[in-house]
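First to last, the sequence lines map onto chains F and U. For the first sequence, the residue numbers in the numbering used here are 1 to 492. For the second sequence, the residue numbers in the numbering used here are 1 to 492.
The set of hints was computed from the structure by calculation and includes no laboratory data. Please note: incorrect hints may appear among the correct ones.
[As the list claims (entries may be wrong)] According to the in silico footprint, chain U covers these stretches of chain F (three or more CB under 8 Å from chain U):
hint : region
1    : 90–101
2    : 114–124
3    : 152–158
4    : 187–196
5    : 261–273
6    : 387–397
7    : 459–468
[To be verified] As a list, the in silico DSS-like pairs of lysine-lysine whose alpha-carbon atoms are at most 30 Å apart:
hint : chain 1 : residue 1 : chain 2 : residue 2
8    : F       : Lys345    : U       : Lys321
9    : U       : Lys331    : U       : Lys260
10   : U       : Lys384    : F       : Lys47
11   : F       : Lys98     : U       : Lys452
12   : F       : Lys80     : U       : Lys384
13   : F       : Lys235    : F       : Lys490
14   : F       : Lys57     : U       : Lys57
15   : U       : Lys98     : F       : Lys454
16   : F       : Lys260    : U       : Lys57
17   : F       : Lys395    : U       : Lys57
18   : U       : Lys98     : F       : Lys452
19   : U       : Lys321    : U       : Lys345
Glycine included, every Cβ here is placed at the ideal spot set by N, Cα and C.
2 protein chains.
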Amino acid sequence: MAFEKVTRSEDYSKWYNNLVVNADLAEHSAVRGCMVIKPYGYAIWEKMQQELDRMFKATGHSNAYFPLFVPKSLFEAEEKNAEGFAKECAVVTHYRLKTNPEDGTKLIVDPEARLEEELVVRPTSEAIIWNTYKGWIQSYRDLPILVNQWANVVRWEMRTRLFLRTAEFLWQEGHTAHATKAEALEETTQMLDVYADFAENFMAIPVVKGVKTENERFAGADDTYCIEGLMQDGKALQMGTSHFLGQNFAKAFDVRYTTKEGKQEFVWATSWGVSTRLMGALIMTHSDDEGLVLPPNLAPIQVVIVPIYKGQDQLDEISEKALGIQKELEKRGISVKFDNRDTHKPGFKFAEWELKGVPVRIAMGPRDLKNGTVEVARRDTKEKEVLQIDDLPTKVEHLLEAIQNNLFVKAETYRDNHITAVNTWDEFKDALENKTGFISAHWDGSGETEEKIKQETKATIRCIPFSAVEEEGKCVYTGNPSNKRVLFAKAY
Amino acid sequence: MAFEKVTRSEDYSKWYNNLVVNADLAEHSAVRGCMVIKPYGYAIWEKMQQELDRMFKATGHSNAYFPLFVPKSLFEAEEKNAEGFAKECAVVTHYRLKTNPEDGTKLIVDPEARLEEELVVRPTSEAIIWNTYKGWIQSYRDLPILVNQWANVVRWEMRTRLFLRTAEFLWQEGHTAHATKAEALEETTQMLDVYADFAENFMAIPVVKGVKTENERFAGADDTYCIEGLMQDGKALQMGTSHFLGQNFAKAFDVRYTTKEGKQEFVWATSWGVSTRLMGALIMTHSDDEGLVLPPNLAPIQVVIVPIYKGQDQLDEISEKALGIQKELEKRGISVKFDNRDTHKPGFKFAEWELKGVPVRIAMGPRDLKNGTVEVARRDTKEKEVLQIDDLPTKVEHLLEAIQNNLFVKAETYRDNHITAVNTWDEFKDALENKTGFISAHWDGSGETEEKIKQETKATIRCIPFSAVEEEGKCVYTGNPSNKRVLFAKAY
Numbered sequence: 001m002a003f004e005k006v007t008r009s010e011d012y013s014k015w016y017n018n019l020v021v022n023a024d025l026a027e028h029s030a031v032r033g034c035m036v037i038k039p040y041g042y043a044i045w046e047k048m049q050q051e052l053d054r055m056f057k058a059t060g061h062s063n064a065y066f067p068l069f070v071p072k073s074l075f076e077a078e079e080k081n082a083e084g085f086a087k088e089c090a091v092v093t094h095y096r097l098k099t100n101p102e103d104g105t106k107l108i109v110d111p112e113a114r115l116e117e118e119l120v121v122r123p124t125s126e127a128i129i130w131n132t133y134k135g136w137i138q139s140y141r142d143l144p145i146l147v148n149q150w151a152n153v154v155r156w157e158m159r160t161r162l163f164l165r166t167a168e169f170l171w172q173e174g175h176t177a178h179a180t181k182a183e184a185l186e187e188t189t190q191m192l193d194v195y196a197d198f199a200e201n202f203m204a205i206p207v208v209k210g211v212k213t214e215n216e217r218f219a220g221a222d223d224t225y226c227i228e229g230l231m232q233d234g235k236a237l238q239m240g241t242s243h244f245l246g247q248n249f250a251k252a253f254d255v256r257y258t259t260k261e262g263k264q265e266f267v268w269a270t271s272w273g274v275s276t277r278l279m280g281a282l283i284m285t286h287s288d289d290e291g292l293v294l295p296p297n298l299a300p301i302q303v304v305i306v307p308i309y310k311g312q313d314q315l316d317e318i319s320e321k322a323l324g325i326q327k328e329l330e331k332r333g334i335s336v337k338f339d340n341r342d343t344h345k346p347g348f349k350f351a352e353w354e355l356k357g358v359p360v361r362i363a364m365g366p367r368d369l370k371n372g373t374v375e376v377a378r379r380d381t382k383e384k385e386v387l388q389i390d391d392l393p394t395k396v397e398h399l400l401e402a403i404q405n406n407l408f409v410k411a412e413t414y415r416d417n418h419i420t421a422v423n424t425w426d427e428f429k430d431a432l433e434n435k436t437g438f439i440s441a442h443w444d445g446s447g448e449t450e451e452k453i454k455q456e457t458k459a460t461i462r463c464i465p466f467s468a469v470e471e472e473g474k475c476v477y478t479g480n481p482s483n484k485r486v487l488f489a490k491a492y
Numbered sequence: 001m002a003f004e005k006v007t008r009s010e011d012y013s014k015w016y017n018n019l020v021v022n023a024d025l026a027e028h029s030a031v032r033g034c035m036v037i038k039p040y041g042y043a044i045w046e047k048m049q050q051e052l053d054r055m056f057k058a059t060g061h062s063n064a065y066f067p068l069f070v071p072k073s074l075f076e077a078e079e080k081n082a083e084g085f086a087k088e089c090a091v092v093t094h095y096r097l098k099t100n101p102e103d104g105t106k107l108i109v110d111p112e113a114r115l116e117e118e119l120v121v122r123p124t125s126e127a128i129i130w131n132t133y134k135g136w137i138q139s140y141r142d143l144p145i146l147v148n149q150w151a152n153v154v155r156w157e158m159r160t161r162l163f164l165r166t167a168e169f170l171w172q173e174g175h176t177a178h179a180t181k182a183e184a185l186e187e188t189t190q191m192l193d194v195y196a197d198f199a200e201n202f203m204a205i206p207v208v209k210g211v212k213t214e215n216e217r218f219a220g221a222d223d224t225y226c227i228e229g230l231m232q233d234g235k236a237l238q239m240g241t242s243h244f245l246g247q248n249f250a251k252a253f254d255v256r257y258t259t260k261e262g263k264q265e266f267v268w269a270t271s272w273g274v275s276t277r278l279m280g281a282l283i284m285t286h287s288d289d290e291g292l293v294l295p296p297n298l299a300p301i302q303v304v305i306v307p308i309y310k311g312q313d314q315l316d317e318i319s320e321k322a323l324g325i326q327k328e329l330e331k332r333g334i335s336v337k338f339d340n341r342d343t344h345k346p347g348f349k350f351a352e353w354e355l356k357g358v359p360v361r362i363a364m365g366p367r368d369l370k371n372g373t374v375e376v377a378r379r380d381t382k383e384k385e386v387l388q389i390d391d392l393p394t395k396v397e398h399l400l401e402a403i404q405n406n407l408f409v410k411a412e413t414y415r416d417n418h419i420t421a422v423n424t425w426d427e428f429k430d431a432l433e434n435k436t437g438f439i440s441a442h443w444d445g446s447g448e449t450e451e452k453i454k455q456e457t458k459a460t461i462r463c464i465p466f467s468a469v470e471e472e473g474k475c476v477y478t479g480n481p482s483n484k485r486v487l488f489a490k491a492y
C-alpha cells in the first residue's frame, strides 16, 4: 500500500483524498471531473442503496426510470429550475462520429449529424418527469404518484473533489405528485425523516433537520428541507434535501387533475434526493489517520479473520477453526472475510484492513489454537481483547452494535460541542475561525445580509433548524430584529 | 383500461406495443428513441437485476462504476470497436447553456462553453474501463480483475422499439482482465452459462448457446458467444452476449503485467452483457392475447387476491380471511397483493391482473367464506379450481412451481418444433417463410455468402451452436463444402 502518511491535522484535504484513493474507494478518471467508483467503494454505496431502497418501499414508493436526456425546450419550461442549472449543463448536439477525411484514421464529429434540438444531460429530472406525469394524471384516482429513480446525473462543476463534488454522480431522486398541498408537505417531511433516520442509524452521523433560506433553496422549489452533518474539520456538509415544489412544475407542464367534485386543479409536487456525496460524509465523519472507519451497518466486510502461522500445517489447522468461526458468524447475518492470502504477511494485512475500515479484526495464531481463543480488535477504539472461540458469535454481535453506537455518540458529542451560540459579530467571527463548526446566531431574514456574511466570512446559512425556539434577538450582522437563531457554517 | 384489442395473429408488432404500454411496462418519452420504464415494468427489471447480480457475485465478481462519458481520443483507441460504434454515438460538445440574448427568455447553447475535446456518451465501456485498468494492473498479483457495472448506455438507433431497441437502455456490462488466454476463455464461457441459466430458470426461455460469425461479432472482440431465444412469431432474439476480447484492448491501451517469471505480457480480456432488451424477450415468449404472462420467478406480484363482496360487512369478513392467507403465503416467500380497492369491480380487477400477468389469482366470495374455500386461477392455462383455505400455502407453492415449469416446457416445445433442418436453397426459403423459426443449414463459412443470404431473405446466422455435430455437408446457398450446420433466422 502506498498510503502516503498525511494526518488530518497536517492537511485535512490531502488526508481525505489519499484515503479515498488508497482505501480503494474511488479515483479520478480520464474524464474531467468524473470519478471511477472502485469495487470496495461501490460495495459501500450498494449497502447504502439497499437500505434506502428498503425505506423508500416501506413508505410506499416504487422505482422507475426516465431518460438521461432532456430536450432543451422541456428543460427550460420551469424557468427558475432552468436558470439554476443552465450554467452547468452538458449538452449533446450531435449523434454520430465519422472518420476524419483528412487523415482517414481518427474520428471527428459528423457535422451532418447535428440534432435539430439539443439534448441536456439531466442535472436533475423534474422537467422530463413532469412532462411524463402529464400523461399519467387525469383524475384524483391517479394520485398520489410515489416514484423514485436511481440514476446518474451530470452537473458541470469547475472544482471537483472525489465523492463530494463531481461532474457525474450517482443518486436517487424521488418525484411525487399529490392532490393537495398538505399531502405534498407531509411527503416532504416524511422523506426528510427517512434521510435523517438513515444518516443517524446506518451512517452513524447525527444531523440537524431544517429548512433552507431562499438563497440556498433548490431552483424551482417553494421550500427546501435538508439534513446537515458536521465533518471532523468543523465544516458542514449537506447530506440530503427534500423539496416542496408547490405547483411550479405542474404549472410549467400543465399537469392538472379532476377532483372528486369535478373541478380541475394543478397537481402538487415534491422531489428529494441523496447522492454518492454521502460517501464523502461517511468518510469524513468517522475516519482517522490510519484510514477509513466504517459503521458496521454499512460495512461490506464487518469482520476480517487474519491467520498468523508458520508453514502449511499450521495454516491448515487455523483455517479449519477460522472457517468454523466464519460460518457461525454468517449464521447471524454478519459478513466475514477470511484473509488467507499467502502473498502477504499478517502485519501488512492488519494495516490494509485498518485502512479499509473493517470494524472488527480477529487474529488467530498457534497459541490461540492451543487455548481455544482469538484476539479481537475493534477498529474504532483500537482496543483488543482475547476471547474464547465459543463465546465469539454473541460477543462479536454485541461488539458490532457497540461500535455502531460508539461512532454515533462520538460524532454527536463532537457535533454538539461544535454548535456555538453567539450574539455579536465579533463572537461570530471568532467562533467561526477558532472553534469552527456550526454557529447559532440571529439573522434578520434578509438575503442581502446572508450574502454579505458569506462574502466576508465564507460562512453560509446551513439551515433554519426545525428545532429552533422562538426568541427575541438581534441579527448578528445588522442588529435588525430576529425571532429565531439559524445555523451558519463553512460548508462543503 | 384502454387495452386496444389486437391479437397476436392479427398484428404481432402492434400487439406487442399495446401490451407494453397497457400493462404499464414502458412508454415512449419526449426524447427521440428513449423510453420511460414505468414502475411495474421496472419492478420486473429489478427482479432480473437481483438474480443476475446474485449470480455474478456467486462467480466472484464485484460491481463498480465508470464514467458515462468517454473522451473521443480514448474512444477511438481500439479501432475496430470505435468503427463499430461511431455511427451511433451521442456526442457532448458543450458544457453550458445561457439565456438567448435576442429574446432574453429562452436558453441557447453557450458557444463559448465548447469542450476542447468532445465526449462520447458511452455506447459500451471497454475504452474507458481499459484506460482505467491500465492503472490497476502491474503484476500477475493484480489479476484477475472481475468487475461488473450496472449502467445506462446510449446507441443512437434510427428505428426504435420499446425495450427491444432504444437509444438509451439499461444494462450490465462485465469487464474482466486475466493473465492467460485460457482463463479469459473460461470466463467467457462461464458467463454465457450464467446467462443461459438465468434465461432458462428464471425467464423460462430455452436458449441456444453458440458462437457468432465474424460478421455478427462484437466490434473489438476475437469471438462473441451468445444465447439466442425464439419468440412466438418465429423470430429469433439475441438475449445476451459474452465476448472474448483477446488482447485487443490491452494493446490499444498498453495494459501489461509482470508474470511470476518477471516477463511483461499483455493482459487478456472479456466483456459480457444483458440489457433491458430481456424485457422484450420475456414479454414475447410467454404472453397471450389477454396480456402479459409472467414466470413466477420474475413476477413482482406472484399472487393477487380479489374479494367479491356486497357491502362493507362482507368485505370486512373477507378481508380478515384474505389477510390471513396473505400472511401465510408471505411466510413462504411468496409475494402477494390483496386488491381491496373499492373503486373497481371484480371483473375489472380480473382483467387488469390478467393483463399484468400475475401468475396466480385467488378470488374469494361469500360462498367461499361459508365453505372455507377460495377459487384459484392460474394465468398461464387459465384453469380454475376451488381449494380449501387450509391447503392453500402448499398448493400455491406447488402451483407457482408448476407454472414456472409449464412456461418453460411450452416455450421449449415451440422452439424445438421451430428448428427446421434443410438441405436445399428452396427448402431454406420455404421453411423461413412458411414455418418460420430457426433454420438449421450448412454454410460454407464465408462472410460473403452470409451477406448474400441476408440480402435475399433477411435471415442472418444467429449462431454456430456449441452443440452442432461435425458432419459432411454442402452450403445451402453455394454448394461449397461445410462440416457443421449453423442456425439461421430472421431476428429482432
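Okay, the hints, checked on the actual structure:
no., hint, result
1, 90–101, "holds (count 10)"
2, 114–124, "holds (count 4)"
3, 152–158, "holds (count 3)"
4, 187–196, "violated (count 0)"
5, 261–273, "violated (count 0)"
6, 387–397, "violated (count 0)"
7, 459–468, "violated (count 0)"
8, F/Lys345 x U/Lys321, "62 Å, violated"
9, U/Lys331 x U/Lys260, "53 Å, violated"
10, U/Lys384 x F/Lys47, "43 Å, violated"
11, F/Lys98 x U/Lys452, "26 Å, holds"
12, F/Lys80 x U/Lys384, "57 Å, violated"
13, F/Lys235 x F/Lys490, "5 Å, holds"
14, F/Lys57 x U/Lys57, "24 Å, holds"
15, U/Lys98 x F/Lys454, "26 Å, holds"
16, F/Lys260 x U/Lys57, "50 Å, violated"
17, F/Lys395 x U/Lys57, "29 Å, holds"
18, U/Lys98 x F/Lys452, "26 Å, holds"
19, U/Lys321 x U/Lys345, "19 Å, holds"
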